[in-house]
Amino acid sequence: MVEDDLLMEVRALLEAPALRAPTADPDAALVAAARDEPQAFLALYDRYFDRVLGYVRLRIRDDFICEDVASTVFTTALAQLGRFRGDGTFAGWLFQIARNAVRDVQRRPAATHLPRDAASFEPDVEERFLAFERAAHLHTQIRLLTPRQQHLLGLRYGAGLAFDEIGAIVGTTPGTARVRVHRILEDLRRRYSDDD
Amino acid sequence: MTTEELERELMTLAGPRPDDERARLTIRATLVEHIGTRPQHRRRSRLALGAAAVAAAALAAAILGLVGSGGPSADAAILADVSRVLSPPPNLIVHVHETGQVDGAPVSAEWWQETNAPYAMRLIKSNGDYVGEGSADGTTTSRYDAATNTISQRSSSGSDTTLIDPIETVRAALQNGTAQVSGTVTIDGRSLYKIELPNGVVGYFDRTDYRPALLDNPQGDGSIVRTRVLTYEELPLTPQNEQLVSLTAQHPDARVETSPAPPDKRG
Chain A
36 MVEDDLLMEV RALLEAPALR APTADPDAAL VAAARDEPQA FLALYDRYFD
86 RVLGYVRLRI RDDFICEDVA STVFTTALAQ LGRFRGDGTF AGWLFQIARN
136 AVRDVQRRPA ATHLPRDAAS FEPDVEERFL AFERAAHLHT QIRLLTPRQQ
186 HLLGLRYGAG LAFDEIGAIV GTTPGTARVR VHRILEDLRR RYSDDD
Chain B
17 MTTEELEREL MTLAGPRPDD ERARLTIRAT LVEHIGTRPQ HRRRSRLALG
67 AAAVAAAALA AAILGLVGSG GPSADAAILA DVSRVLSPPP NLIVHVHETG
117 QVDGAPVSAE WWQETNAPYA MRLIKSNGDY VGEGSADGTT TSRYDAATNT
167 ISQRSSSGSD TTLIDPIETV RAALQNGTAQ VSGTVTIDGR SLYKIELPNG
217 VVGYFDRTDY RPALLDNPQG DGSIVRTRVL TYEELPLTPQ NEQLVSLTAQ
267 HPDARVETSP APPDKRG
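Sequence order for the protein chains is A and B. Take the position in the first sequence, starting the count at 1, then add 35; the result is the number in my numbering. Take the position in the second sequence, starting the count at 1, then add 16; the result is the number in my numbering.
Check each hint, because a few of them may be wrong.
[Stated by the list, open to error] Residues of chain A placed beyond 12 Å of chain B at every Cβ, according to the derived structure: (1) Asp-85; (2) Arg-94; (3) Arg-96; (4) Ala-114; (5) Gly-127; (6) Gln-131; (7) Asn-135; (8) Arg-142; (9) Arg-169.
[Said to hold, decoys possible] To spell it out: a stretch of chain A is covered by chain B in this simulated footprint if at least three of its residues, at any positions, have a beta carbon under 8 Å from a beta carbon of chain B; those stretches are: (10) 68 to 80; (11) 103 to 113; (12) 222 to 228.
Worth flagging that the hints you see were computed from the coordinates, not collected in a lab. Note that this is a predicted model, so its numbers are computed, not measured. Yeah, the Cβ is synthetic: ideal placement off N, Cα and C, and Gly gets one too.
Build the full structure now, drawing on both the sequences and the hints.
Here you go:
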């Protein structure tokens, strides 16, 4: 049966054996519910769709492929949820699936489409096209980073995660995650500015 | 270019697009389809809450005209009426009370939910001797411990507090689902429409006011758990009724313990 996020939260609240115990994984209750009732996975999907799509978009230029990858990420997560043991966070597991899906795409020969916005014939089409070119250039620079650097950048600026969340996902402290992302950003800024 | 400018460009690069809602719904539909082909592993001991959710499934199917029997207009009209009843306008509180039996033990769930964002709600659930009560209002999630007369609260911040309209969620979740009016039945002297939903759940809706009356939930072992909807009503969103969704208002003498809010998403 489908239940909404709010109901899930409250139900999880009611069913939690020890409310005062800190929750290591904020998604644990939803994951448990999804194991019990697959429809509940949709609440996890709602929670993570924007973040996963943002993560993929930061690393892949083509809008159509981004959607395909996002779809792959969630269908894979749904199919393999039983294998998720809860050793880490659900978010960490999900973004590892996203990372692998992006890697698979990046290994394939590039197929380029104009983004939907750029392809539309509207009065500001020239402006949109310039924005498209700029975005393409930035994507090119991102692709020159290592996959690990791209992953961190995607978690921060694509998925919009906080440094403590990123730290939990990549196995570092929040401070270390912040320093690493900052270094990557500086590296990217130099390349981007030099090449501009 | 400054670091801040680059950060903005990166966020724009990954940011939302006008077409995202279509993508979201398309992928959701794919997931719903996958879920529909998976075996169910529902635990027997759990009361399946959500007459509103199930009814909203019928609503979703009705909106999309997905009547399984081929779309006879009479069935479509029934589904449309169910949809109308289950699409409460803003400035109301929906009150639902369900009961049932699981493994011979009485179970029940009762909740009140505002129809305005962020859809604050309070829920009471009992399962045998266990009684639990919790609430969420978009900024705080709370639980009441009757044994210690304590309300434990967890505050949230940023996007963590963004609650969603459950009806909208169910609509989207089941956009590709099918609902079928399979006839009328009389149960306990009450005349009901029987509506079969894609996930094996069967809902029974009153023939006069289209409100949910019964819900049959198939279990993993082949048995059926029937939930009876004792109350499905809409209350005006008055200051007095607003207290129905507040744990602190319901338990004014309880001690309140508050946990710190998690950090903002952009940390």
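So, against the hints stated earlier in the document, which numbers end up violated here? 1, 2, 3, 4 and 9
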